[in-house]
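**Student:** Next come the chains, spelled out residue by residue.
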Amino acid sequence: MKLLRLFAAGFSRSAQATLTFRINLLFDIVQSVIGLLASLATVFVVYARTDSLAGWTEAEAYVLIGTFQLLSSLKSTFIDPNLSWFPENGIRQGKLDAYLLQPAPTLFLASLARSTPLALIRFVLGTVVIVLGVSGQGRLPTPGAILAWIVTLAAALAVTWAMGVLLACLAFWAPRLQLDVFYGSAWELGRYPTDIYRRPLRFVLTYVFPLALIATVPTTTLLGGPRLVLLVPCVIGAAIACCLAVGCWRLGLRRYTGATS
Amino acid sequence: MTAATRSMAGRLPLLIALRIRMEVLEWSGSWWFLLTLVVQAILGPLIGMFVWSAVYPDDPYVATYYVALLLVTVMTESFEQFTFSEKVYDGTISHDLLRPQPVVVNVIGTNLAIRLWLMIMGIPLALLTGLAFGVSLTWTAVLAAVPVFVLAATLSFCWIFLLSLTAFWTERVHAIVGFGWALNTLLGGTIAPLAFLPGPLREVGQVLPFYGMLGLPADVAAGRVHGLAPLLTGLGYQAAWITVFVVAAVLLWRAGVRRYTVVGA
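Heads up: the sequence lines are chains H and P, in that order.
Just so you know, we're using UniProt numbering here: the first sequence kicks off at 1 and counts up by one.
Just so you know, we're using UniProt numbering here: the second sequence kicks off at 1 and counts up by one.
These aren't lab readings, by the way, just hints derived from the structure by calculation.
Don't take each hint at face value.
Stated by the list, open to error - Per label pair, the in silico range of CB-to-CB distance:
hint : chain 1 : residue 1 : chain 2 : residue 2 : range
1    : H       : Ala-48    : P       : Arg-258   : 41 to 49 Å
2    : H       : Arg-13    : P       : Arg-258   : 37 to 45 Å
3    : H       : Arg-13    : P       : Leu-127   : 27 to 35 Å
4    : P       : Gln-40    : H       : Thr-127   : 26 to 34 Å
5    : H       : Ala-48    : P       : Arg-259   : 41 to 49 Å
6    : H       : Leu-19    : P       : Met-22    : 41 to 49 Å
7    : P       : Ser-30    : H       : Asn-89    : 17 to 25 Å
8    : H       : Phe-203   : P       : Ala-17    : 42 to 50 Å
9    : P       : Ala-229   : H       : Ala-48    : 51 to 59 Å
10   : H       : Thr-142   : P       : Arg-259   : 55 to 63 Å
11   : P       : Arg-21    : H       : Val-246   : 46 to 54 Å
Each residue gets a CB set at the ideal place from its N, CA and C atoms; glycine is no exception.
The following block holds chain P by itself, in its conformation from the complex (with noise of 0.2 Å):
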């Protein structure tokens, strides 16, 4: 490592930092857009809690699952098709690429930035709709999430990432991310707890990234995941499947910015 990437890597919280603090002001602004993406990304476990609290109307594990899958959806959500791809598609993405710092700084500060405000815009309603079903969750629980949540939060970060990272080399990256967000509400335990699919696709879920992102920080919050082996192996997985995404993140970018042109280049 030479000194200059030394002294860089020293300096990338600072730079993260920075970016947050300047998109969450920047984001102030527009509370009222910043409430329509909660209300998109509760709407998905709300639905879910309501279909199976009519299959399972005395199972208590229903709507504490929802209620910490709400907070969870809520508070990892990623718009890198928006906030990433966008600059691509309009060429601005050459005024990061000269910057000293790596792109991806500017991109982290922005999901951060707006996770904020989704958090406390978000946070209010899943502890009303925690109220309204009689949700409790235990705080040794809700501990135990914590670090299967940050894995969870950037598995997530690093997926939407990933998948916005096609915009290299197609205009349709709406919908690729709309095709991995279909995964993540079908195998990540949006549309039914994991535990309630049936056998084959159980095991797939078990297996692919999907629950780590969502199902599994909200089994450990809702107390569905007892003892620290599991837990364990939770974490490990999550890791797994952030170094497999890192690794093609990385791949892909090199890739997509030699391939990339704009006007004036």
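So here's chain H without its partners, still in its complex pose (with noise of 0.2 Å):
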């Protein structure tokens, strides 16, 4: 509950800076309209071309993009800014030193206390674009689908704290290594069904660096209804991965002497 307040307080913070400056918000909202513009550009040329893109229909598409848009834009809100803050200033620059002082757990102000609340936008966006895929598909989805995509979007977005937790982490072992824009790159092809890669490519998509998740499996589960299959492993493995993450931020911690001693 404590962690919950501290998380709102400081989102809050971030929100009133952020709407301070309105040609910034302003700027910020037309560009999250145009990529969202772009990538449904490329489903509309890629579909007038051909019926089915490795098994999916348009409006199936147009679903996996709200998707995606959905747990980008969160990803962008509360996971990127802390990532791409920490191997520089956190360990580089010694700033953990701080946070190790401070009545909270360290992992979550690393992780989670700095946010972009303007990310957000491109959630609207991206609820709006699943809304209008669903409609165009003609049947909508039970309530049980829906509720199990609610479970591995969830899921995905725990995956994708831990990921990013994880590749943060080798910031301890290696201070130069800073692996944000690799991760911002690799996710980029969670954009389109991980069906369209190739199979030694889309095995690393599925298994080895889960991007699958991302959008993929979300979006088959609510056009196709629940499955344990689907869903089990999915709860399974977002649990491996943010217990991984934990152990392997502790292991870190150990390691971390300080910037200055």
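From the two separate chains plus the hints, produce the assembled complex.
**Tutor:** Set out below in structure tokens:
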């Protein structure tokens, strides 16, 4: 509860700071809309030439793009600002020292304290695209499918956070290594159904670096209904990823000696 | 033309070459950062290749075009929103304004030095992708693409520099360049080769400058443009857009410098 209040306070402070600059706000809204339109244009162009992309219809592809937007927006809002801050400031400049002295879990402070609320604009846009995609498909998802979709989204978000923490943790051992840009680039591969990638890459994107979970799995759950064979591994996978992240963070902290000591 | 202007014009290539040398050395310590730039640059063409290979699995043109596009993208990337606009924001452009040489000399030198590094890192990646997808480019097509590529690189630089000049008026140059980049990917041939775009979009794409920056050199290198006439038409189209951008950049630069103020000035 205390962490939730702390999280809400940090978010509210960031939101106030962002809303002060109205021109910036306008530019960011326009940029989000343009980014989404570019994604939708790709789908439009592809389906002008074919009825099915690796087995996905046009309406399904829109739901996929919308789901990808939802998770991307949550990643950009809550995870990216911390992940890009950590190796340079936390480790190389030793600002992690200040966190270690504060009365809140260090992992929380280092991985969730910063946020960029404006990125949530894409959340709203993503929701609109999902609604359009679902209505274009002709049949509404069952309540069970919606519930299962939310579960897979939560699992995807947990895995996204855990992967971010694991990559940031590498800085404890290799301080010059900053992998957030590579993470961001790999993330873009989740924008399309993982079925379009060739076998070795598809295997990597499903099991090693589970980007299939980001948009493909939640979308198939929403459109095709809940399947236990998909849901159970998702939840277990997310739990394992979070445990790994926490374990790795503790190991890293033990190694950390501060920038000045 | 006065003697002083003539002498300056004669010295420009030397000044640019010196700047390139200096920047190449300076960037040699940032190989990790340069690698992130390469990865970001190749991602768009790679995703395009996967998408269109899924649509047309038996068409060799798709892979050939996208490997060529990957090379063009890596070698023509421009980052003036960082290398130039940031100097406007933090006021260090004043140092360049005081030097007895045009400010654009340093901007061009930095651009070419970064491109050189991206080329060194990007070409092996493009070759690997070509091998993985069984792509073979013909020498004649690659040679024919060289002049188109040079103009594409110039056009690309002029476009990003033009957008970066808006830093004199707004603090949101990254959003403006981001918008320009979205147009590039949409109409330049990254999300789909121009030939694959639906009718109206294709016609718009053929008129606008973005195809000349990316898709045209990739199409020529992929062997899609046959004969001298279409090649010359393409070069003329690129040259026309370069002229438009250069004139616009000169006008914007003059207006921007008049407006520019900095603490101490």
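**Student:** Please go over all the hints and tell whether each is borne out by the structure.
**Tutor:** Here is what the structure says about each hint:
1. H:Ala-48 and P:Arg-258 have their C-beta atoms about 47 Å apart, which keeps the hinted 41 to 49 Å range intact.
2. Checked against the given bound of 37 to 45 Å, the beta carbons of H:Arg-13 and P:Arg-258, roughly 39 Å apart, stay inside it.
3. The hinted range of 27 to 35 Å is not satisfied by H:Arg-13 and P:Leu-127, whose Cβ atoms lie roughly 49 Å apart.
4. Checking the proposed 26 to 34 Å range against P:Gln-40 and H:Thr-127 shows it holds: the Cβ atoms sit about 28 Å from each other.
5. Between H:Ala-48 and P:Arg-259 the beta carbons are some 44 Å apart, a value that agrees with the proposed interval 41 to 49 Å.
6. At roughly 43 Å, the beta carbons of H:Leu-19 and P:Met-22 sit within the given window of 41 to 49 Å.
7. As the Cβ distance of P:Ser-30 to H:Asn-89 is approximately 18 Å, the hint placing it in 17 to 25 Å holds.
8. Distance hint check: the CB atoms of H:Phe-203 and P:Ala-17 are about 48 Å apart, consistent with the given range 42 to 50 Å.
9. The given range of 51 to 59 Å is broken by P:Ala-229 and H:Ala-48, whose C-beta atoms sit roughly 29 Å from each other.
10. Hint check: H:Thr-142 to P:Arg-259, Cβ distance near 60 Å, so the stated range 55 to 63 Å holds.
11. Checked against the given bound of 46 to 54 Å, the beta carbons of P:Arg-21 and H:Val-246, roughly 49 Å apart, stay inside it.
Checked against the numbered hints listed earlier, the structure breaks hints 3, 9; every other hint is satisfied.
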